[in-house]
Amino acid sequence: MSERRFSQRHLTGIEGLSAADVLHVLDTAEAFFEVSRRPVRKVPTLRGKTILNLFYEASTRTRTSFELAGKRLSADVVNISVAQSSVSKGESLYDTVKTLEAMHPDVVVLRHEASGAAEYVAKRIRASVVNAGDGQHEHPTQALLDAFTIRRHKGKLDGLVVTICGDVMHSRVARSNALLLRLFGAEVRVVAPRTLMPVAMEQYGVRVLHELEPALEGADVVMVLRIQRERLQGALLPSMREYARTFGVNARTLAYAKPDALVMHPGPMNRGVEISSDVADGAQSAVLEQVEAGVAVRMAVLYLLAAEPGERAGG
Amino acid sequence: MSPASASNESESGSQATLLDADAIARVVKRLALEIVEQTGGTERLALVGVRRGGVPLAKRLADAIATVEGTEVPVGSVDISLYRDDAATALPDPKIGPSDVRFSVDGRDVVLVDDVLQTGRTIRAAIDCLLDYGRPRRIWLAVLCDRGGRELPIGADFVGRVLDVDATVKVDVVLEGPGEDRVTVRTRGSLAQPNAQPSAQPNAQPSASPSEPTEPSR
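Respectively, the protein sequence lines represent chains P and G.
First residue of the first sequence? That's 1 in our numbering, and the numbers climb one at a time after it.
First residue of the second sequence? That's 1 in our numbering, and the numbers climb one at a time after it.
Simulated from the structure, these hints should not be mistaken for lab results.
Careful: at least some of the hints might be erroneous.
[Claimed, not checked] List time: in silico BS3-like cross-link candidates among lysine-lysine, alpha-carbon distance up to 30 Å: (1) G/Lys-59 <-> P/Lys-42; (2) P/Lys-156 <-> P/Lys-258; (3) G/Lys-95 <-> P/Lys-123; (4) P/Lys-156 <-> P/Lys-42; (5) G/Lys-95 <-> G/Lys-59; (6) G/Lys-95 <-> P/Lys-71; (7) G/Lys-95 <-> P/Lys-156.
Input sequences plus hints: build the corresponding full structure.
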């Protein structure tokens, strides 16, 4: 008899997870990381399970990552994008979800522009819901894959100094990461121009700064966020060039962090804006490892949510 | 080779030591010799332990083979959690360990190693897992104890001990270090003494039937 150690039925955010939940996902992901490096990158674990990827926002890497994760677990994966579905014909989120539920999915992976959308759906559906990004709220699997990457490099999460820099305002990645890292007592600093820093960011137990160099001082991990040009609408930043000069992570500013500091970016990168090319491609960059970790972590999440606990047969 | 050398009573049943450290050492040595003989030397040979009970046994066998043959054979391990036939209903396992196969299995004689063989379902899963690493020339199976109770048509090629026990009996294998090794048999309630026998006649020549899997004789 195996005990269900992961306490959640949905993954709508890092908020509500315990440190034990997070570690359980990360430990499970270690096993899946190895699967993706085998000659046959597939295990039969979720055969007969159905996963719906419901994406209301454009996303290439997250959707692909979830799709690969589901397929490497042998689940049937269906991708539904907003542009090609009845959503564009005016159907409400509720009706779409109810219609999809009639197809008996085991897991619904949801990306939506409204904060709280995942929670809304989770309360109204039998399937498990995974939040793949909801508005400016949370993006839990990104935080989990970042934690996975950090742990592989630093061996731990507690006691680290992590600086999150960039467009914190529009970043669900920043919020999920801050919540996760604080669960382990890491020192989290967030740094951004005042126009890109949400009010009351301190509630997450982070240090709020408005100057890059002191924020990077002695950092173990530097998380660079994408400047979301599509959300800025010109008003919040004078120019991309000025942002790059004052808040861009480049060889000069990175020198303030520890010599072995890990540089991360959730992608897609604006080279020459928030991160310089030499840093993005440099020895300290973990950007491509994050992509690989993403598939492993999402496999772990799908595995933990799609299966029901029960009796086990002996061997 | 004297089975059931010690026994003691507890409130819930009885416990008997089937193999002590010395007996296990002798069994491992014999299995190592049989493996090398039947698979035709160490050139193509590799050992893969089934997590977790089979992993220390695979290492012991590799050490024994190294002693006899003077060659190191590659050793790996497979975790079968993701390949269980009840994987989608009996999950999630508290902990999945990664499989670790760092050599190419293509064209090799791979010996799967487990501590106790019962239903055969674990071995079915282990075979599936192994095949995801490539195409071995042949997959063999070595176990320390074959306790019967098969639910799939699977047999071991190399067997330490055959146990004739019913499903309620618990067989515990401890492989922690030379002094601590033991195989114990616990019965619940009734005092059925396990009927244990060596898998092969001690005097029989091992080469008499090299390709025959060792069958439980009952």
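Check each numbered hint against the structure and report the violated ones by number, ascending.
Violated hints: none; all satisfied.
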